[in-house]
Each structure stands twice: as C-alpha cells, then as structure tokens.
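Student: Numbering (full-length UniProt numbering), first residue to last: 1 to 420.
Worth flagging that the hints you see were computed from the coordinates, not collected in a lab.
Computed from a predicted model, the values in this text were never measured in an experiment.
Among the hints, erroneous ones may be present.
As the list claims (entries may be wrong) - Computed cross-link-like contacts, SDA-like style, restricted to lysine to any residue with a CA-CA straight-line distance of at most 25 Å:
no. : residue 1 : residue 2
1   : Lys276    : Asp265
2   : Lys329    : Leu316
3   : Lys329    : Trp364
4   : Lys363    : Ala353
5   : Lys61     : Glu130
6   : Lys305    : Leu316
7   : Lys232    : Tyr366
8   : Lys181    : Gly127
9   : Lys186    : Leu95
10  : Lys61     : Val161
11  : Lys181    : Lys233
12  : Lys329    : Glu76
13  : Lys276    : Asp318
14  : Lys305    : Leu355
15  : Lys305    : Lys383
16  : Lys125    : Lys186
17  : Lys385    : Ser192
18  : Lys181    : Ser63
19  : Lys329    : Val368
20  : Lys89     : Ser63
21  : Lys181    : Asp318
22  : Lys385    : Glu257
23  : Lys383    : Lys61
24  : Lys385    : Glu404
25  : Lys89     : Arg153
26  : Lys61     : Leu148
27  : Lys329    : Gly127
Stated by the list, open to error - Restraint ranges, calculated between C-beta atoms of paired labels, are given here:
no. : residue 1 : residue 2 : range
28  : Gln288    : Glu130    : 41 to 51 Å
29  : Val157    : Gly294    : 51 to 61 Å
30  : Val348    : Ala291    : 18 to 28 Å
31  : Asn120    : Leu345    : 22 to 32 Å
32  : Met122    : Pro284    : 39 to 49 Å
33  : Ala291    : Ser192    : 38 to 48 Å
34  : Ile129    : Pro284    : 45 to 55 Å
35  : Ala337    : Ala291    : 37 to 47 Å
36  : Arg153    : Asp283    : 46 to 56 Å
37  : Tyr366    : Asp283    : 28 to 38 Å
38  : Glu130    : Asp334    : 16 to 26 Å
39  : Gly60     : Ala230    : 47 to 57 Å
40  : Gly128    : Gly384    : 30 to 40 Å
Where a beta carbon is used, it is the ideal one built from N, C-alpha and C, also for glycine.
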Amino acid sequence: MVLTNCIRFTATAAGKFGQRELLCNIRSLATATVASTPSTNSTSSPSGWEQQRRQHASYGKMSGWQIHAYGVPQEEIQFSDGMKMPILKSPTQLLVRVKAASVNPIDVAMINGYGASVLNAMRCKDGGIEFPLVLGRDFCGEIVQKGLGISSRELEVGDEVWGVVPVHLQGCHADYVVVEKYCLFKKPSNLSKIDASAILYAGLTAWSGLYITGHLGDLLGAISPVGGGAGKKVLVLGAAGGVGTLAVQMLLAEGVEVFATCSPDAMQMVNNLGVKYVLDYTDPAHVQNVASVGRFDIVLDCAGKGTEYANEVPWLYDQYITFNSPVLKNIDADGFAAGMYQNALNLVRNNAAALSTRQGLVKWGYFVPAPQGIAYLQRLAEKGKLLPVVEKVFPYGNTPEAYERVAQKHLRGKVVIDFE
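Construct all of the structure, not just a fragment, from the sequences and the given hints.
Tutor: Below, the structure is given as structure tokens:
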C-alpha cells in the first residue's frame with residue numbers, strides 16, 4: 001500500500017505514548033478557551049447568575065435561552081429570566097440543575113426550522129408546544145428532584161450527573177431541565193463538568209452510527225468487549241468536528257485501524273488523538289490516496305457529505321454511513337407521504353449504484369438516546385480512553401455567541417456554555 005505525503009504517519013508517537021497520554025496532549029493543541037469578558041447583553045457576572053438562579057427557583061421560576069420563531073440564531077435566540085421551572089410528570093423523571101451544556105449543530109439547524117414538521121408533531125403529542133422552544137441536547141448538572149420510581153441505588157438528589165435530551169423535547173439551555181431516567185447517568189468522576197457536557201450528543205451519534213447502523217461489534221456497543229475491532233478498517237470523514245473527534249477515539253479503543261480526513265490546520269490535532277493516517281481533504285489528491293488504501297469496513301461521514309458523495313468517489317467499502325440524512329428535510333419540504341417517498345427513492349437509488357460498483361451499502365446514521373450507548377461512553381471515559389476536544393467555552397450570558405460560533409461551522413471539537 002502506497003500513500004502519498006499528505007497522509008501523516010505518527011507510529012512513533014503512538015508507540016511512545018499510550019492513548020491516555022495522547023488524549024491528554026489534546027489540551028496543548030486544542031485547548032478550551034474560556035471567554036471571560038461578558039457580552040453587552042449580559043447583566044450579571046457568573047456569581048450573579050448563580051444568585052439569580054437560586055432566587056428564581058424559590059419562586060418556581062428560572063432563566064433560559066429560547067426561540068419564539070424559526071430564523072437565524074443571532075436574531076431568534078432570546079434570554080428570559082421569568083420562565084416557569086419544568087415539573088416532573090412521571091415517576092421516572094428527574095429535575096436537574098444545569099451546570100454546563102454544549103451547543104450542537106442540531107441546535108442551530110432547529111432554529112433554522114430543520115425537522116419542524118416531525119419534531120413539532122412529536123412535541124405536541126407529548127403535551128408540549130412549538131414555541132417558545134428551549135434548545136440544547138447534552139449537559140452536566142446536579143439532581144435537585146427525582147420521581148418516586150427511582151431508587152436511591154440508582155440516582156439520588158445531589159448526585160452530579162451527565163445526560164442527554166431527546167431532540168423533540170424542551171432542551172437544557174436553561175437553569176433546569178427535566179429528563180427521563182434512561183437519559184441520565186452519574187458523571188464520570190475523572191471528567192470536569194465542561195468535558196462531561198460535551199460528550200453525549202455527539203458521542204451517541206457516533207456510537208449509533210458505528211454500532212446500531214454499522215454493526216461494528218454486537219448490536220449494542222455497551223456489551224461488546226472493548227478492543228473487539230481488531231482487523232477492521234474505518235475511514236472517518238470530518239474527523240476534527242464534535243462527532244468525528246469522539247468517533248476516532250471510540251474506534252481506536254476498539255482496536256480498529258483508523259484513517260481520517262480533515263482540513264490541514266486540524267491535522268496535528270487529529271494526529272494527537274492517536275490516528276496514524278490523516279489526510280488533507282483540501283488536497284485534490286486525497287481521493288486517490290484514500291482509494292489506494294483498499295477496502296474499508298466502514299466509511300463514516302461526519303462531514304455532512306451525504307448519500308450522493310458515496311458514489312462520487314472511487315472508494316471501496318462494505319458500508320458508507322452518513323449522518324446527513326435527508327429524511328426530516330424532505331418531510332419538511334414535501335409533507336410526510338411525499339417526503340417519505342423521496343427518502344425511499346434516495347436510498348434505493350444510491351444503494352443500487354453502490355452495490356453495482358462497490359458491493360457496498362449506503363446507510364443513514366442518527367443520534368439515538370439509548371442507555372446502552374451512554375453506558376458504553378461512560379466506560380470509555382472512566383478508562384481514560386474518551387475525552388472531548390473543546391474548542392471554546394462561553395459564559396452563560398454569552399450564549400448567543402456560542403450559537404453563532406457553531407453556525408459558522410468548521411469546528412475543532414465542541415462549543416460549551418458554562419452556567420456557573
């Protein structure tokens with residue numbers, strides 16, 4: 001196998017340092033930059049926010065960031081300090097005081113109206129309303145109340161936890177959030193609140209793509225032995241983003257041979273995650289360089305290339321899995337029946353081409369808030385094999401700026417909001 005110079009090989013570094021050390025070295029190249037200057041629309045210091053939160057809670061009120069219409073983040077995301085605190089509606093729910101939360105591309109997409117038809121229908125079915133809508137999918141916080149169906153052996157008031165919120169529900173970019181028990185686990189003790197808040201949405205997206213869609217190991221990754229991917233070869237497109245940085249760490253922990261693409265300024269960071277072969281996707285030669293590697297078990301598209309790209313490149317693969325599914329977009333545009341017809345047509349057409357030329361399958365991957373996935377990510381994190389790359393941390397009062405950074409794309413890992 002011949003690879004050109006655009007593939008960066010770091011076998012020496014990988015041999016000299018263990019993966020734990022490599023992960024720790026991330027901080028030297030992609031450190032979290034905490035924004036310390038409050039924005040012009042922020043009227044309180046971090047300690048002031050905390051004082052306000054406690055005062056609001058005593059009156060059943062809280063603060064948070066909401067949208068009241070679809071549009072663009074800088075125009076629609078609005079602060080409110082008179083929101084009603086959410087209440088428990090089932091014995092398996094918990095109320096969590098949020099300490100940190102990340103901003104994901106799905107949050108920005110939802111402000112733009114992505115998935116409005118399906119997600120709003122699901123929200124209303126559960127007794128919710130379309131607006132105002134609180135966004136935010138993953139967080140770290142402290143349990144302040146729990147339902148009667150949750151034993152003290154499972155979770156207790158005062159526990160530090162990390163959790164995730166299903167996409168159709170009110171989110172966690174507010175002082176408090178209600179979540180179901182299956183979406184909440186005790187925070188790994190070796191993770192800070194910032195790191196813990198930056199893993200679950202992107203991590204569960206990568207996990208479901210690899211294990212549920214891609215069958216990398218057993219159907220549920222939580223019950224497959226770590227290190228069970230030896231002999232397999234996976235190409236990760238967009239390895240420098242939130243999903244990509246976690247996907248490559250999961251694959252390396254499973255013993256998979258990982259190849260990755262990213263922009264040239266992110267290559268060293270991806271190398272530091274432990275990936276030996278990193279390609280510059282801006283180099284036109286990278287397409288043929290990938291082809292020279294041979295057949296991949298999985299090509300994991302974390303770069304939003306979509307299904308059409310699977311047949312535009314001369315790569316061999318058993319499975320091409322993209323997280324850029326047209327399902328919700330087609331339903332938004334054409335309605336449920338016509339949208340689903342377009343989705344089926346898209347999948348059949350692309351698979352027919354892939355099967356005839358590559359004997360491979362084209363699939364869609366999705367975020368799945370499964371407890372098995374959280375348990376799997378928790379185990380990797382506790383073993384020091386999973387650590388998020390955090391590009392920047394914004395204080396609570398600067399939340400609109402955090403959304404704006406995510407909207408600009410080309411992230412190096414995750415963007416996090418610090419509530420304290």
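Student: Are the hints correct? Go through all of them and say.
Tutor: Going through the hints against the structure:
no.: 1; hint: Lys276 x Asp265; in the structure: holds (16 Å)
no.: 2; hint: Lys329 x Leu316; in the structure: violated (28 Å)
no.: 3; hint: Lys329 x Trp364; in the structure: holds (13 Å)
no.: 4; hint: Lys363 x Ala353; in the structure: holds (13 Å)
no.: 5; hint: Lys61 x Glu130; in the structure: holds (20 Å)
no.: 6; hint: Lys305 x Leu316; in the structure: holds (16 Å)
no.: 7; hint: Lys232 x Tyr366; in the structure: holds (22 Å)
no.: 8; hint: Lys181 x Gly127; in the structure: holds (19 Å)
no.: 9; hint: Lys186 x Leu95; in the structure: holds (14 Å)
no.: 10; hint: Lys61 x Val161; in the structure: holds (22 Å)
no.: 11; hint: Lys181 x Lys233; in the structure: violated (36 Å)
no.: 12; hint: Lys329 x Glu76; in the structure: holds (21 Å)
no.: 13; hint: Lys276 x Asp318; in the structure: holds (22 Å)
no.: 14; hint: Lys305 x Leu355; in the structure: holds (19 Å)
no.: 15; hint: Lys305 x Lys383; in the structure: violated (32 Å)
no.: 16; hint: Lys125 x Lys186; in the structure: violated (30 Å)
no.: 17; hint: Lys385 x Ser192; in the structure: holds (15 Å)
no.: 18; hint: Lys181 x Ser63; in the structure: holds (24 Å)
no.: 19; hint: Lys329 x Val368; in the structure: holds (18 Å)
no.: 20; hint: Lys89 x Ser63; in the structure: holds (21 Å)
no.: 21; hint: Lys181 x Asp318; in the structure: violated (36 Å)
no.: 22; hint: Lys385 x Glu257; in the structure: holds (16 Å)
no.: 23; hint: Lys383 x Lys61; in the structure: violated (39 Å)
no.: 24; hint: Lys385 x Glu404; in the structure: violated (30 Å)
no.: 25; hint: Lys89 x Arg153; in the structure: holds (21 Å)
no.: 26; hint: Lys61 x Leu148; in the structure: holds (23 Å)
no.: 27; hint: Lys329 x Gly127; in the structure: holds (24 Å)
no.: 28; hint: Gln288 x Glu130: 41 to 51 Å; in the structure: holds (48 Å)
no.: 29; hint: Val157 x Gly294: 51 to 61 Å; in the structure: holds (54 Å)
no.: 30; hint: Val348 x Ala291: 18 to 28 Å; in the structure: holds (25 Å)
no.: 31; hint: Asn120 x Leu345: 22 to 32 Å; in the structure: holds (25 Å)
no.: 32; hint: Met122 x Pro284: 39 to 49 Å; in the structure: holds (43 Å)
no.: 33; hint: Ala291 x Ser192: 38 to 48 Å; in the structure: holds (41 Å)
no.: 34; hint: Ile129 x Pro284: 45 to 55 Å; in the structure: holds (49 Å)
no.: 35; hint: Ala337 x Ala291: 37 to 47 Å; in the structure: holds (40 Å)
no.: 36; hint: Arg153 x Asp283: 46 to 56 Å; in the structure: holds (54 Å)
no.: 37; hint: Tyr366 x Asp283: 28 to 38 Å; in the structure: holds (31 Å)
no.: 38; hint: Glu130 x Asp334: 16 to 26 Å; in the structure: holds (20 Å)
no.: 39; hint: Gly60 x Ala230: 47 to 57 Å; in the structure: holds (54 Å)
no.: 40; hint: Gly128 x Gly384: 30 to 40 Å; in the structure: holds (39 Å)
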